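Residue numbers (our numbering), protein chains in the order written: chain A, 1 to 396; chain B, 1 to 396; chain C, 1 to 396; chain D, 1 to 396.
In short, the hints are calculated from the structure, not lab data.
Computed from a predicted structure; not experimentally measured.
Careful, some of the hints might be misleading.
Identical chains blur together in the list; that is why a pair holds if it fits in one copy or across any two.
Stated by the list, open to error - Below, in silico cross-link-like pairs of lysine to aspartate or glutamate (DMTMM-like), each with a Cα-Cα straight-line distance of 25 Å or less:
hint : residue 1 : residue 2
1    : K293      : E106
2    : K5        : D266
3    : K338      : D34
4    : K120      : E315
Residues per chain are reported as follows:
There are 4 protein chains.
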Amino acid sequence: MPGVKSLFVPGPTNVPESVRRAMDVPMEDHRAPDLPNFTLPLFADLKKVFKTECGKVFLFPASGTGGWEAALTNTLRLGDKVLASRFGQFSHLWIDMCTRLGLEVELVDCEWGTGVPTEKFREILAADKNHEIKAVLATQNETATGVQSDIAATRRAMDAANHPAMLYVDGVSSIGSVDFRMDEWGVDIAVSGSQKGFMLPAGLCIMAASERAMELSGLDTMHRCYFDFKDMVVTNATGYFPYTPPMTLLRGLRVAVDRLLDEGLDNVFARHNFLAEGVRRAVAAWGLDLCAKGPEWYSDTVTAIMVPEGNDANEVIKHAYNRYGLSLGAGLSVVAGKVFRIGHLGDLNELMLMSALSGAEMAMRDVGIDVVPGSGVAAAQEFYRQNSPKLAMAAE
Amino acid sequence: MPGVKSLFVPGPTNVPESVRRAMDVPMEDHRAPDLPNFTLPLFADLKKVFKTECGKVFLFPASGTGGWEAALTNTLRLGDKVLASRFGQFSHLWIDMCTRLGLEVELVDCEWGTGVPTEKFREILAADKNHEIKAVLATQNETATGVQSDIAATRRAMDAANHPAMLYVDGVSSIGSVDFRMDEWGVDIAVSGSQKGFMLPAGLCIMAASERAMELSGLDTMHRCYFDFKDMVVTNATGYFPYTPPMTLLRGLRVAVDRLLDEGLDNVFARHNFLAEGVRRAVAAWGLDLCAKGPEWYSDTVTAIMVPEGNDANEVIKHAYNRYGLSLGAGLSVVAGKVFRIGHLGDLNELMLMSALSGAEMAMRDVGIDVVPGSGVAAAQEFYRQNSPKLAMAAE
Amino acid sequence: MPGVKSLFVPGPTNVPESVRRAMDVPMEDHRAPDLPNFTLPLFADLKKVFKTECGKVFLFPASGTGGWEAALTNTLRLGDKVLASRFGQFSHLWIDMCTRLGLEVELVDCEWGTGVPTEKFREILAADKNHEIKAVLATQNETATGVQSDIAATRRAMDAANHPAMLYVDGVSSIGSVDFRMDEWGVDIAVSGSQKGFMLPAGLCIMAASERAMELSGLDTMHRCYFDFKDMVVTNATGYFPYTPPMTLLRGLRVAVDRLLDEGLDNVFARHNFLAEGVRRAVAAWGLDLCAKGPEWYSDTVTAIMVPEGNDANEVIKHAYNRYGLSLGAGLSVVAGKVFRIGHLGDLNELMLMSALSGAEMAMRDVGIDVVPGSGVAAAQEFYRQNSPKLAMAAE
Amino acid sequence: MPGVKSLFVPGPTNVPESVRRAMDVPMEDHRAPDLPNFTLPLFADLKKVFKTECGKVFLFPASGTGGWEAALTNTLRLGDKVLASRFGQFSHLWIDMCTRLGLEVELVDCEWGTGVPTEKFREILAADKNHEIKAVLATQNETATGVQSDIAATRRAMDAANHPAMLYVDGVSSIGSVDFRMDEWGVDIAVSGSQKGFMLPAGLCIMAASERAMELSGLDTMHRCYFDFKDMVVTNATGYFPYTPPMTLLRGLRVAVDRLLDEGLDNVFARHNFLAEGVRRAVAAWGLDLCAKGPEWYSDTVTAIMVPEGNDANEVIKHAYNRYGLSLGAGLSVVAGKVFRIGHLGDLNELMLMSALSGAEMAMRDVGIDVVPGSGVAAAQEFYRQNSPKLAMAAE
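Here chain A stands alone, though its shape is the one from the complex (with noise of 0.2 Å):
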């Protein structure tokens, strides 16, 4: 195909010039006398992006599902309990890799659409008398829906029950993109990944662990090597990693948090919010609902776009990549075939999405969805050309 293929799922996102030319270099030696220079400036500043002073912030070759598994294992027994609820795709394989590591889940399942029930857990923490729940699991943004819950309100709940449970979040398509704040909200792991947020390609687990994490993590907990804490903290105390690390990514994600710090982390948030809303007026424009089930629960990094009754979103999604090149995300699991998905996260701008709205408006109307030709497009365009992304924050 001519041009370029215009990448809109949520994850992995574009990766700027600037990342992916600094990814570009000859191997080097990850036990070179002088390479603690560069990994402990970038352990610092990333703590930074995690919001974080006493935390400890881990970077395994990894997926984020290494992530999770990583949370779960060296803080947790087998047979602990944890709380968590189910929204989607995302949230419920965290839940059923709780259950396949040997944990026993309290489950909240919420409608799908929605976020975390910050009342209900207060609830069920509250009645918790005995504190068997040792950790609640929140997902902050709900990729497949495209929901983002408030870990604020989160923490408040947890706190107003009294309970001493750990607070895990999955941050993978939100931390980088729209506020987090692991000290202020009393999160104790914080899991994210390279290919979102961090604008890099896929391969490297971000996460970070709180002191109380840590403290855990050197108890008779899960049996673990891999993702262990312990042989992390002590090989990265000095600068090094205790197996080969992928140095490319690392340098990657050097120039990746810089470009984050430069823009300013409020900034980056802005101009995420700012993108987004103009992506919703175009599905208002174009008569269509949104996943999720309220302005409470949009997501400032993807949209999932429910089709009209009777149309297939997986049709809508197969004719954008193969007629215009345009990559959207599917629906998966509950919602598959009901919603395409636009991933409006990490480094992007306003014309890169009309390349999006106009391909999702050009594909509907393709496969028989009825929509008005450049409507969504001229609903963003007046949006973006009146407001700027911190008028558009601050509106909300």
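Once you have looked at the hints, place chains B, C and D on chain A.
What follows is chains B, C and D alone, placed relative to chain A:
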């Protein structure tokens, strides 16, 4: 600025990933024993792009301007007369070069927005009984005004006048994008550059000369050395060059030519026509005029769009760049401030153009030009949806 | 530092230009409809590298350490016994992992500089009448000491003892560089990584499992999720992955595997042997000893060189890096300070090794080790001149 | 061939990774509003490399040959006389160009292996009472023979003769590698190219002209257009170019100039001298002669080595390339078959040269030249070990 910039000037064009990677190579010995295995087939395949069997292809480290000079100095004598028409900045510059190099120019000034005046040329040539005119200059695509001229008709006019002058064509922004037939049209020298239809960075003049032109270059024509055909011919025959060639561009050219031939030249031309027509539909939907005075002059590689009286096209361009990261082409000389240009040549597809059209819409509205939001995008969308490259071309 | 650094650690290895370019790509949709056209042939060709027809190949975003864990957790139960020998840092680490994951290790401690004690293994297995030993662990190439073990002989020992234990091989620094025959040698799980013979950056665990290993992974073996074979098998069968794969590494792997198969595995092995022998000739010319205790243990991918008593190998390494930009491998654990290592695996040729040997000579002399200047280089030169990869191998 | 090729021709030189990455960029609008922010400081910094304050720097898309032509055509009239000496293929070619462009050449033929005959020049200039000689041409580094001439002495000779001729210097293979002082030495035009000390691919002519040269370019000098200084001066002043500039090379040039200035020009020169001296020690150890007739002519950027009578240097070169992937420079014209050349300029260090010296040793022995294995390498090693760039230079 986050995200990619949108490049829609009529050259340099977007370099395809495969071409970009082909140029990202360590330096190499340009006198290596095995270099001819690379260069000789490259020259052979370039002849296919020019559609010449007897001509010689030249690759000068230079811009297209250098090719203009090579054409003139290799084949003409000081004081020789050439016939040329001026209808845009680039046809003007070539004429200006003729004068500066000491040639006499029989000049036909045409309205900007029209192209080579073939009937007028026929008359002049018919009247030139003594054959004082040694060469006819024709700009196949006037990049400044988005005007495409009919080279086959130019040749017919010369033949009708039974005139032996040479035919030199500036194909910088046309060859490799719209039809060009060196042998069939009796073109003696054709000049192109790397940064347009060849989808490379600037820096390589790609040109071809007929047998007749080669004969002239052996005579006592103008003083020259760098752009001398003879030095090139001798060393190229063995697969080498008289001075250090720009190997990275040559490595990229190999892949670029492969792309053109793999897609098929006719398909490449049809695609350019198809994409161009969508842009013209957008302009019509905006209620604006093209600089080109009629369909017979429409360029398939660049569209020059007139802003309404009282508006400044340069404001559109500047705003589009500063606010949306979109590079549009400026009006030059006579049409400065009156037009902005969208380049649509090289490695391009529909969704990429949606960024350009959206950006132009937004920028125009921002500076007070009252186009309907989304109107151009919608018109282009519907054209692209309902047509395909081949159908679009057949319809014309 | 001007110029390139010289990388001669035994991994990461030098990435060939073609592989490097293959990884320098924009991100792509890992759920695209046409992805299986890429992934399925890749899996098929990887089986050729492992020389297995019935086995399954796995690609985990992880290091080789992750592969060790995958091997153990998928097929063994808590408390199961494995037979293993320790003769270097990497064999030690795998054994340590067994213990930490809750396995019992029947340990044979061997002198560092020797390898898998096949006769001793035979005895132990023969004595294990109740077949309590479930798996035999063998490190084909102990990277820490430059020792290569005989896996075919290990299999013969198991067969001689008529023991049904599984055979798991750490081939991280051997597969793709020296001969490995999964099916013929009855290997049940083979573990490798991207950053050695596969000539890629670190970040990908490349491993294969036999049908028997696959059957075990379906039983009630250890808790695991990230490294679970079953999830992989199901999604890989359709050309996809259970979580986001590291696409840039996969794109590079495609080219790396093409290189191995195009050169021919036997030629690759012969080349490694040829280059290794030149290095050994250099060491002999220096009058120094190898860490490997005899020719039967010589590794063709890394040579560990003993510095004379009273000298500190770490000084050589540090000085070589700081003064000459040369990365050598350090001695680890028991041999720390006693050896330095030259990695000679992956994409390498004679003249590249001349940099390494020269740098080692200069660094040794600089820190007071009295080798004759140029002596090692001369010995290697003469060997390389008078032999060729195939002859060299046949001579052994 | 596995592994990297070794490039030791005297240009193109090895491009540093940082420069290579800087060129690996998407195309950009060469008329963008913010381009002058990039170009104007680049021009300013290039003046530092030429050591000129009043001169103008020019960047033509061309090779150094184009710069020779620009020098002559901008400042001389048809029939003007220039004084030049011939002592190698490149000084010969510039003289040949003079003749072809219609200039008269007062030629001093010198033995190849010597350089600019300053005393002879003084005599000729002193005798030229009518000042018919308009320009003196001097090749600072004759790449074909490895001879460096003394430009300061050339200026002194001109001053001693009290002659007003211009001084034009071919610094293609010297500027950026060995000392050059445009203002101090009264150089009127200095010509260089991108592919030598500037560590870039070929394709950019980098040159500078004095105020006096600029004045001449405004007079009625030779016909020219592409290489006209005046067009460049006008557009460069605003940060733009008269025709499309090769932006990728300019982006690379920015980083290359930064490297030169960051290392410090004096350190760059000292490093070149240091590395060159090691090569000369190797040649001495081989018992071979340099083409340069004495230390006063030794070039610090390229060494031309005489093979013994009866041997064919081209066999060495061909064999080195085919068997070891080593590119050496060939002897040209008069010295064809008699010398091979090792380029040692640009981004280089000791261990890289060890590959070149080893490869030359092996290739010589393979074709029957009886040098002692390792002898040259050992001599260079010991020199490099016992000296450092600054000490080496001071010692001369």
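Violations among the numbered hints, reported as their numbers in ascending order: Failing hint: just 4.
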